[in-house]
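Quick note, the sequences are listed as chains A and B, same order. This note's numbering puts the first sequence at residues 5 to 267. This note's numbering puts the second sequence at residues 13 to 328.
Warning: the hint list may mix true and false statements.
What the hints assert, rightly or not - Capping the alpha-carbon separation at 35 Å, the derived lysine-lysine pairs in DSBU-like fashion look like this:
| # | chain 1 | residue 1 | chain 2 | residue 2 |
| --- | --- | --- | --- | --- |
| 1 | B | K273 | B | K290 |
| 2 | A | K34 | A | K127 |
| 3 | B | K290 | A | K149 |
| 4 | A | K78 | B | K89 |
| 5 | B | K290 | A | K147 |
| 6 | B | K89 | A | K149 |
| 7 | A | K34 | A | K254 |
| 8 | A | K127 | A | K78 |
Hints were generated in silico from the structure; no laboratory data involved. Note that the structure is a prediction, hence the values are computed from the model and not measured.
So you can see what is in the structure, the chains are spelled out below.
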Amino acid sequence: MLNIASVSKTFFPNTVNERRALVDVNLELKEGDFVTVIGSNGAGKSTLLNTVAGRIHQDTGVVSLDGTDVSRLKEHQRAAQVGRVFQDPMAGTAPNLSIEENLSLADRRGRPRGLSRGVTKSKRDRFAEALKQLELGLEGRLKTKVGLLSGGQRQALSLLMATYSDPRVLLLDEHTAALDPQRAELVTRLTRSVVEDKGLTTLMVTHNMVQALEVGNRLIMMHEGRIILDVGAEQKAQMTPQDLLAEFGKLKGAVVDDKTLLQ
Amino acid sequence: MITAFELGLIYAIMALGVYLTFRILNFPDLTVDGSFTSGAATAAILITNEVDPFLATAAAFVVGSLAGMITGLLHTKGNINGLLAGILTMIGLYSINLRIMDGANVPLLGQDTVISMMRGFTGVGWTSVAVLAAVALIFKLIMDWYLQTDNGLALRATGDNEQMISSFAVSTDRQKIIGLMLSNGLVGIAGAVVAQHQGFADIGMGIGLILVGLASVIVGQAIFGSRSVIQATLAVILGAVVYRLAIQLALNVGLNPNDMKLMSAVLVVAALLLPQWKGFSKLSLRRKGPSPLADAAAPLTTSDAHLSKTSAEKGA
Chain A
5 MLNIASVSKT FFPNTVNERR ALVDVNLELK EGDFVTVIGS NGAGKSTLLN
55 TVAGRIHQDT GVVSLDGTDV SRLKEHQRAA QVGRVFQDPM AGTAPNLSIE
105 ENLSLADRRG RPRGLSRGVT KSKRDRFAEA LKQLELGLEG RLKTKVGLLS
155 GGQRQALSLL MATYSDPRVL LLDEHTAALD PQRAELVTRL TRSVVEDKGL
205 TTLMVTHNMV QALEVGNRLI MMHEGRIILD VGAEQKAQMT PQDLLAEFGK
255 LKGAVVDDKT LLQ
Chain B
13 MITAFELGLI YAIMALGVYL TFRILNFPDL TVDGSFTSGA ATAAILITNE
63 VDPFLATAAA FVVGSLAGMI TGLLHTKGNI NGLLAGILTM IGLYSINLRI
113 MDGANVPLLG QDTVISMMRG FTGVGWTSVA VLAAVALIFK LIMDWYLQTD
163 NGLALRATGD NEQMISSFAV STDRQKIIGL MLSNGLVGIA GAVVAQHQGF
213 ADIGMGIGLI LVGLASVIVG QAIFGSRSVI QATLAVILGA VVYRLAIQLA
263 LNVGLNPNDM KLMSAVLVVA ALLLPQWKGF SKLSLRRKGP SPLADAAAPL
313 TTSDAHLSKT SAEKGA
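The following block holds chain A by itself, in its conformation from the complex (with noise of 0.2 Å):
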């Protein structure tokens, strides 16, 4: 259903910061796969994010959405079938809208925005329907600013609108990481049951590697642009954090390697 094949991107080519973000890679997820990503700083993780959200415009390779190549189109022409939710709490909502004016926007995605009115009574009773949900009483402030939440109520409502109208895809760009751990929690078990009421199909980066193997259904690991490891259901299930901590290991030694080699 999303299929990424052969993928590269380089930044800054030919020069001294020339950075390889993605080399080559492939990477199919089937409808409603839930796949976490991993890795350190600089493995690409967020280019792979960018490149099928259409942010980013890879240098070769194809993606595919349903059978459909999507490489040529632009961020906003994907987002009709792409929903993201971003690391930053403030990035995916308009603060100085309300509540209703934002969901009302997350509800016309991938339809044409005319001059019927934005919010209106039976919008709002599905806004509130769906706002309890969340179970932090927003369906009752449905005339409040955004700018006026805080920030995990701000990435719970910013998780509710990229999800409101069923994308395609579901992108998560380390959206817990600036949360305090109770507020992670939360966005987290929104998310698990979000994905799973929805089956949506999911690619979610993290740097929490104890959420990466509790939350989906299938594990990757980057490291310097490329997938090095590729874990399914039934083997990650057994897995242990010091497993991957141990992955990491070996990784790191590489590059110890590495510096060994250029002195």
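Let chain A serve as the given structure and place chain B on it in line with the hints.
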């Protein structure tokens, strides 16, 4: 005094346009200096050619919005800095306006205009002020309505959080162009009506207009608030009237009309500097949150100047 009220209410239509770009889209658009004159020139030349003055005023909207579209295309598709894109269109329009008018000005003496038709019913007095207030109010209500529609919400989100709204499948380029077109269309209408009010269109009538617009928006929102769109648009109209009354007052106490542009510039500078002065923030501490003046001026100050404001927002 009546004239000041009348002009204030006509300029309010222009101020609503400036509000749309400056406050909603966060885009200080200098096109207005040119599109105001374009609107005036278009209407004047059509009226002298026996076109119905209402139709001529509507044509001013079309010409103004075309000017806005050019700025929008330069900025979004040409990746030209917004301020520069506006300046480029404004400069280009100077020549175009001379072409439209076939000279530096077009007199409207003895012609039927929307203002002369209104005078036929109301004369000059509070009735004419009331009529113009009703007209400004109609534009305000249309804008309030538009900003609550699906498209209007997308426009507001484009100015508020571009990253977010493009992740919901909105072309921010398209929304910016729409916003600039609507804004300059309104400015064109205001230019057309001002020309009909003063009895001529003149190549220099739009010079410095952006400052009048900014002053109206900033002063209006600082005095009358901008909690909701409905309140903000009303504040913009009242701001335009207050600005015109202040100018009238300055002239009455004997200021040289030639100094008016300097006065406008000083007024806007004061509005931008005041919120950065520590004593001022102490004064406004009694209220909750950032002062309305700081809030109204924010899009025009560099990021450092309202650092305190953004950190306050994050803390909220």
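Each hint tested on the structure:
1. K273/B / K290/B: Holds. K273/B to K290/B sits at ~28 Å (cutoff 35 Å).
2. K34/A / K127/A: 32 Å, holds
3. K290/B / K149/A: 28 Å, holds
4. K78/A / K89/B: 13 Å, holds
5. K290/B / K147/A: The hint holds at about 33 Å.
6. K89/B / K149/A: 32 Å, holds
7. K34/A / K254/A: Distance ~30 Å between K34/A and K254/A Cα, so the pair holds.
8. K127/A / K78/A: 29 Å, holds
Going through the hint list in order, the structure satisfies each hint without exception.
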